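Residue numbers (my numbering), protein chains in the order written: chain A, 19 to 436; chain B, 19 to 436.
Calculated from the structure, these hints are not laboratory results.
Hints may be right or wrong, so weigh each one.
Since the list can't tell identical chains apart, any single copy or any two copies may satisfy a pair.
Said to hold, decoys possible - Quick list of in silico lysine to aspartate or glutamate cross-link-like pairs, DMTMM-like style, CA-CA up to 25 Å: (1) Lys-422 - Asp-81; (2) Lys-396 - Asp-224; (3) Lys-422 - Glu-197; (4) Lys-422 - Glu-253; (5) Lys-422 - Asp-105; (6) Lys-377 - Asp-71; (7) Lys-381 - Glu-52; (8) Lys-400 - Asp-105; (9) Lys-381 - Asp-224; (10) Lys-422 - Asp-224; (11) Lys-305 - Asp-133; (12) Lys-422 - Asp-106; (13) Lys-400 - Glu-376; (14) Lys-422 - Glu-223; (15) Lys-100 - Glu-197; (16) Lys-400 - Asp-224.
From a predicted model like this one, the values you see are computed outputs, not experimental measurements.
Single-letter residue listing:
Number of protein chains: 2
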Amino acid sequence: MPIQNAFYAQSGGVTAVINASACGVIEAARRRPERIGKVLAGRNGIIGALTEDLIDTSLESSDAIASLRSTPSGAFGSCRYKLGSIDDNRPQYERLIEVFRAHDVGWFFYNGGGDSADTCFKVGQLSAAMGYPLQAIHVPKTVDNDLPITDCCPGFGSVAKYVAVSALEASFDVRSMKETSTKVFVLEVMGRHAGWIAAAGGLIEDHGIPVVILFPEVPFDPERFVARVDALVRERGYCTVVVSEGCRDADGAFLAEQGSRDAFGHAQLGGAAPVVARMINEKLGLKMHWAVADYLQRAARHIASATDVTQAYALGEKAVELALEGRNAVMPTIERTSDEPYAWNLGVADLADVANTEKFLPKTFIRDDGYGITDACKRYLKPLIRGEDYPAFADGLPVYATLKNVAVARKLAAFAIR
Amino acid sequence: MPIQNAFYAQSGGVTAVINASACGVIEAARRRPERIGKVLAGRNGIIGALTEDLIDTSLESSDAIASLRSTPSGAFGSCRYKLGSIDDNRPQYERLIEVFRAHDVGWFFYNGGGDSADTCFKVGQLSAAMGYPLQAIHVPKTVDNDLPITDCCPGFGSVAKYVAVSALEASFDVRSMKETSTKVFVLEVMGRHAGWIAAAGGLIEDHGIPVVILFPEVPFDPERFVARVDALVRERGYCTVVVSEGCRDADGAFLAEQGSRDAFGHAQLGGAAPVVARMINEKLGLKMHWAVADYLQRAARHIASATDVTQAYALGEKAVELALEGRNAVMPTIERTSDEPYAWNLGVADLADVANTEKFLPKTFIRDDGYGITDACKRYLKPLIRGEDYPAFADGLPVYATLKNVAVARKLAAFAIR
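Take the sequences, apply the hints, and build the full model.
Take a look at the structure:
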């Protein structure tokens with residue numbers, strides 16, 4: 019078989035462990051020089067393929083590639099850019115083929131979430147639809163944990179750990195000040211449509227913390243919520259609220275709609291915490307504080323989950339194996355075989371079944387009152403946040419990699435992306 | 019000499035390492051049973067002394083006391099409660115003496131910031147003013163780093179480390195998304211009057227991150243600020259803004275109080291970060307994200323600075339030594355003898371010189387343009403965030419101590435605090 023180069027790109031919002039998947043892909047590819055030549059990374063995701071802005075990862079040392087395992091963010095740049103259908107956007111797909119042909123790319127690895135799975139699925143159709151032989155493998159990544167089929171998504175375990183650790187620490191703070199100061203602390207976390215991240219806040223209940231979770235899945239009822247906080251503060255003297263940025267009222271309106279939309283047309287959210295905190299202050303007269311974790315939560319490699327890092331790397335490796343086995347338009351997955359002791363295998367899913375399908379928090383994971391998580395949810399979450407995987411530190415700060423990212427010489431004319 | 023009990027209390031906003039000081043006090047006291055009987059902790063700070071709500075720490079195991087070293091928040095409860103002058107509040111001071119006499123308290127350790135130093139100073143005057151022999155030692159604690167004389171304050175190094183690590187991680191995130199998504203990230207940090215905490219954000223500049231710091235000490239000039247952000251984004255493609263909650267405009271009005279309105283038309287509570295972020299979006303049309311760290315920053319024991327933990331413990335120990343040496347109305351301090359290699363000794367300051375004096379960020383620590391820190395500031399900050407001191411983890415979460423906190427039997431009639 020001929021040796022062909024591989025293309026790898028990162029897509030969508032980055033995470034604490036997407037680079038661990040990149041590390042898995044590149045290290046696995048380097049172990050198979052008889053099949054895979056260079057791994058060429060797209061600078062800024064798929065845009066790098068369209069603009070022929072390819073990074074030659076073979077110029078990075080083994081140490082540099084290994085350091086990706088403990089570096090958050092997207093080392094090659096990521097993007098929010100969705101390819102349209104092949105029928106409506108033929109020039110884009112023709113351009114991809116032109117670039118791949120020019121650089122002898124036979125393997126396509128796309129590391130992203132639901133929208134990216136859709137892009138990868140379309141690229142996987144190039145072979146049949148446009149006669150260019152290419153194997154497209156999607157490497158799952160999303161803090162939202164909303165991809166179907168796989169038991170969990172790399173990025174989620176670490177953000178869940180960050181949320182649980184942060185909520186626990188802040189709750190200890192409030193508990194010690196409750197007599198004369200703050201009685202309610204509100205933490206806003208990510209999760210536009212699914213309450214997976216907010217659910218992680220529920221894990222601190224087992225540490226004795228009175229906590230109220232506001233899920234996107236449960237319509238927000240101001241009066242019931244205020245009554246719940248009031249009851250907890252009367253009983254325990256304080257409480258912590260973890261609110262999802264995707265929390266909506268009974269009419270479906272976000273508690274905090276910013277009005278702007280991202281490139282995928284999703285509403286850009288932020289600011290549910292101050293809305294909720296103000297409500298508590300106004301209705302109950304309680305002193306409150308609020309925090310919005312925003313990017314801190316998904317970038318927090320310093321407190322990443324060891325389970326998450328291990329799986330992110332393993333899925334990157336597995337993607338290469340699947341490609342070498344001749345698979346196309348598939349995604350490696352995590353298959354859980356046991357909660358406790360936690361055990362999992364790697365599986366594989368067809369992208370046709372993955373693309374554009376969101377996995378919501380199951381009803382059985384939300385407590386009947388809508389403000390907490392069930393034991394089943396705790397059994398699901400606990401292994402995902404388990405284990406610490408600390409980066410190296412120097413002078414008090416983590417040592418995160420910045421690669422050389424040397425561009426491959428262009429061979430083609432420029433191409434304007436939309 | 020007679021054996022007498024010690025009183026210990028935590029005061030003001032808690033930190034990631036105030037319990038490490040408690041650990042230092044209690045362990046040091048336990049090593050001197052020939053002088054110090056029990057350490058009685060005030061439940062909820064000085065309020066516990068006034069209400070005779072005393073915790074018998076002798077009922078806690080050595081392991082439990084040792085675990086305080088790695089537990090954030092105030093293990094005995096803290097309070098925001100300031101004693102007035104002795105002349106105007108004689109009944110309160112008489113009550114303190116009544117409680118101390120009833121429980122044979124001869125040593126008074128008060129763990130707090132500037133207001134607490136003032137309270138401790140007043141308690142130290144009891145001996146002369148009201149004839150009750152008592153040695154009052156203040157153990158410094160404040161994330162604001164604004165106590166005079168001591169080179170730094172326990173709690174600050176850890177919050178500085180949290181801010182620098184978080185800003186670095188979020189900046190990596192934005193850097194990788196800048197082509198098609200967020201270009202400016204705004205992080206709001208604590209520091210109502212002094213910019214010490216915001217200054218820590220400047221440390222990431224040495225990691226190649228374009229950053230703008232907004233200090234309380236520098237009047238906020240919207241046009242100049244927007245121009246600075248614009249220049250950095252044009253040059254580097256992105257930038258990070260670290261804004262102090264205490265940032266004010268030329269008229270002295272806090273940015274956080276310049277109410278923007280949410281989607282429902284309600285004025286937003288607090289939040290300098292959203293004000294700054296919206297300004298960037300409106301004036302430059304750049305996509306931005308913002309985070310408010312709030313309590314997360316001062317509670318983040320999981321990423322505490324080892325320097326800070328060591329000093330917090332050492333100052334607690336030293337306070338006991340000073341008491342045993344017969345000192346009164348003093349505070350142990352950190353005396354820096356070298357930046358690099360970092361070296362420090364323990365010193366001692368008279369509380370008369372400490373109480374009600376705030377130490378602001380020196381002008382020589384703020385860069386001429388007002389948006390960054392100088393090399394002198396970096397030399398000051400670097401050793402303070404150095405070293406990691408991870409707590410133990412179980413099942414993915416830190417193992418933080420919750421003590422039994424058994425109350426000592428009351429001997430006196432109730433006393434109503436104001």
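Structure-inconsistent hints, enumerated in ascending order: 5, 6, 7, 8 and 12
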